[in-house]
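Engineer: One letter stands for each residue in the lines below.
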Amino acid sequence: MNRRSRRIVGVLVQAALLLALVALIAWAGDNALAQLRARGIQAGFDFLLQPAGFEIGESAFAYDSSQPFWRAFAVGVGNTVRVALPALVLATLLGLLIGIGRLSTHLLLRGLSTAYVETLRNVPLLVQLFMWYFALSELLPAADAALQPLPGVYVSKSGLSLPWPVWAEGAWWPTSLEWPEVGGFNVSGGAAVTPEFLAVLLALATYTAAFIAETVRAGIQSVSAGQRQAAQSLGLTGAQQLRLVVLPQALRVIVPNTTNQYLNLVKNSSLAVAIGYPDLVSVTNTALNQTGRAFECIAVMMSVYLLLSLLTSALMNRYNARVALRGWS
Amino acid sequence: MTLHSLKAAGLLAATVALGAHAPAALAGKTLDAIKARGSIQCGVSTGVAGFSAPDAQGNWSGLDADTCHALAAAVLGDAKKVNFVPLNAQQRFAALQSGEVDLLARNTTWTLTRDASLGFHFTAITYFDGQGFLVPKKLKLTSAKQLKNADICVQSGTTNEKNLADFARANNIKIKPVVFEGFEASFKAFFAGRCQAYTTDVSGLAGLRNKEAKNPDDYVILPDLISKEPLGPLVRRGDDEWFADVKWVIYALIEAEENGITQANIDELKANSKDPVVQRILGTSEDTGKLLGLDKDWAYRAIKAAGNYGEIFNRNVGPNSVLKLPRGANNLWSKGGLVYAPPVR
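In order, the protein sequences belong to chains X and L. Numbering-wise (the numbering used here), the first sequence opens with residue 1 and increments by one. Numbering-wise (the numbering used here), the second sequence opens with residue 1001 and increments by one.
Honestly, the hints are just simulated from the structure, not real lab data. In this text, all values refer to a predicted model and were calculated from it rather than measured experimentally. Ideal placement from N, C-alpha and C gives every residue a C-beta, glycine not left out. Warning: the hint list may mix true and false statements.
Pairs of lysine-lysine residues, derived as BS3-like cross-links and limited to a Cα-Cα distance of at most 30 angstroms, are as follows [unchecked claim]:
| # | chain 1 | residue 1 | chain 2 | residue 2 |
| --- | --- | --- | --- | --- |
| 1 | L | K1138 | L | K1148 |
| 2 | L | K1211 | L | K1080 |
| 3 | X | K267 | L | K1138 |
| 4 | L | K1188 | X | K267 |
| 5 | L | K1138 | L | K1162 |
| 6 | L | K1247 | L | K1274 |
To be clear about the criterion: a stretch of chain L counts as covered by chain X if any three or more of its residues have a C-beta under 8 angstroms from a C-beta of chain X, and this derived list gives those stretches [said to hold, decoys possible]:
| # | stretch |
| --- | --- |
| 7 | 1028 to 1041 |
| 8 | 1093 to 1100 |
| 9 | 1144 to 1154 |
| 10 | 1161 to 1171 |
| 11 | 1190 to 1197 |
Turn these sequences into a full structure, and let the hints guide you.
Structural biologist: Shown next as structure tokens:
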């Protein structure tokens, strides 16, 4: 067989395999629906248009219980993204600092950085999550006795409330500030984040930072000592050596591995349900129970996490292509 | 979502996606499987005081657990032949659908959606409950309508979330639910002061207040009931014989109370009673067991093992328990309550 016909056979085999796979999935899906129907279980995604009927404690956009299920799922996705994004930024900054600290010549700094990494990455995330949460909700004062560290800023068991600009209808810029107030037994108005949000944010950021720190350390150590010595002989200061010579080369090692950590962080945010943060898993749990559509709800949740992870990894791969060594693949 | 709930859902997905058609729809299969296995798979809570909770030795007790004990006594002749499967609120339905449990006796509310669209039959109501609020006494609240703008702790996977939203909308008060997956985390957050109120069924609130609060007197249950919560065991559709067995064991326990049959006097009544109703229940005249696929002593064994409905109530949630709940709606119909059983005849 010549090279050309071998290629054609190859393509045909691949196509046949793909077809078989699609047929298998279609058969499994069809069989599942028939089975569910035979057992008297109603199936299908039509429930997504029905009113959800439950409230969600916090949301990135307006939502109430009369809105449909798909909107409740959207609130869950919004809450997952709302906590995962700032956690990514915090984890990266903290990880970078600690990773560099691990290689410091300063004994105390190096010791503290090592202790941080070894403690945080060896304690299960769920345990850390509970620790942060119960520390926050035990130690903070009750909502009716909220602390006021700055005028208009309240900290209590109900969370952190800040003054927030409000737009009058049709205005281009904020027309006034809305101030939080302590009234009745709760703080209301302004912008507020709950203790659940804070606990998830802190736990995810500090935990992931420990892994990123190790990646950063490995990246820096992968740059050969000669590079640093050469930079030194040119008269660059320590910080300049790191910024101009070492880190750009170290990024080639750091970025692919950090992508994994980012993916882990996004997926780990699903633990938030344990401490009452209304993320995608929490909303899915509630929707699943209200409707009994276990199959469909879990399918929605899996697809969303898959999409979020693919998006994260696509963005990181583009960045990786930019920092990668030219001419190598 | 916990690993376990994913497991139950995954098991369901796998059986329905890959399995052959409708193996569960044959009448009598469940009972045959139970007899062959020698035990009943009973789906219960992960620990709700008074309904189903394990002690330090791992023995389950409670109103729901006793339903399973009575059933095992009736069907297998030994109240101990129950394998309790603890399930959290989200796992429970998938576990019953997939066949992991034979019945779900897990303080589950009978609703239209659950009865009509999940492939289940609710058997009988074993407890008439309603949703309420537990609040710290120092807030000096007298009605749930004062909970305007409050944070309210609630466990996910229950009817409570929806009732709470309905209540808030009907009364035009804004409330912020804080929804926990686990029961433990939800009440710990409440007792730490994260929420101004905790909501669940009143029987559950009594358990929380009396068992979990550092000082029960610091907390009060508000008088408002915001929903009807009829609780009872449910079974899969497609096996009418097993459905009847579960129903009638529960009815027999209620009939026993109505006719004065207790754990203490049952042997004496079985030997000497001339009352035709008592004779029929205890199988000394007619053989009602045959109609259910059981033997004639089925009800005798169930009552002997667990006591009549009143005894089960008093022992687990009533005056002889830590919950000390009043009989209220759960008294016999003849004594002003709602508990009523069709006749064993």
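Engineer: What are the numbers of the hints that this structure violates, sorted from low to high?
Structural biologist: Failing hints, ascending: 3, 7.
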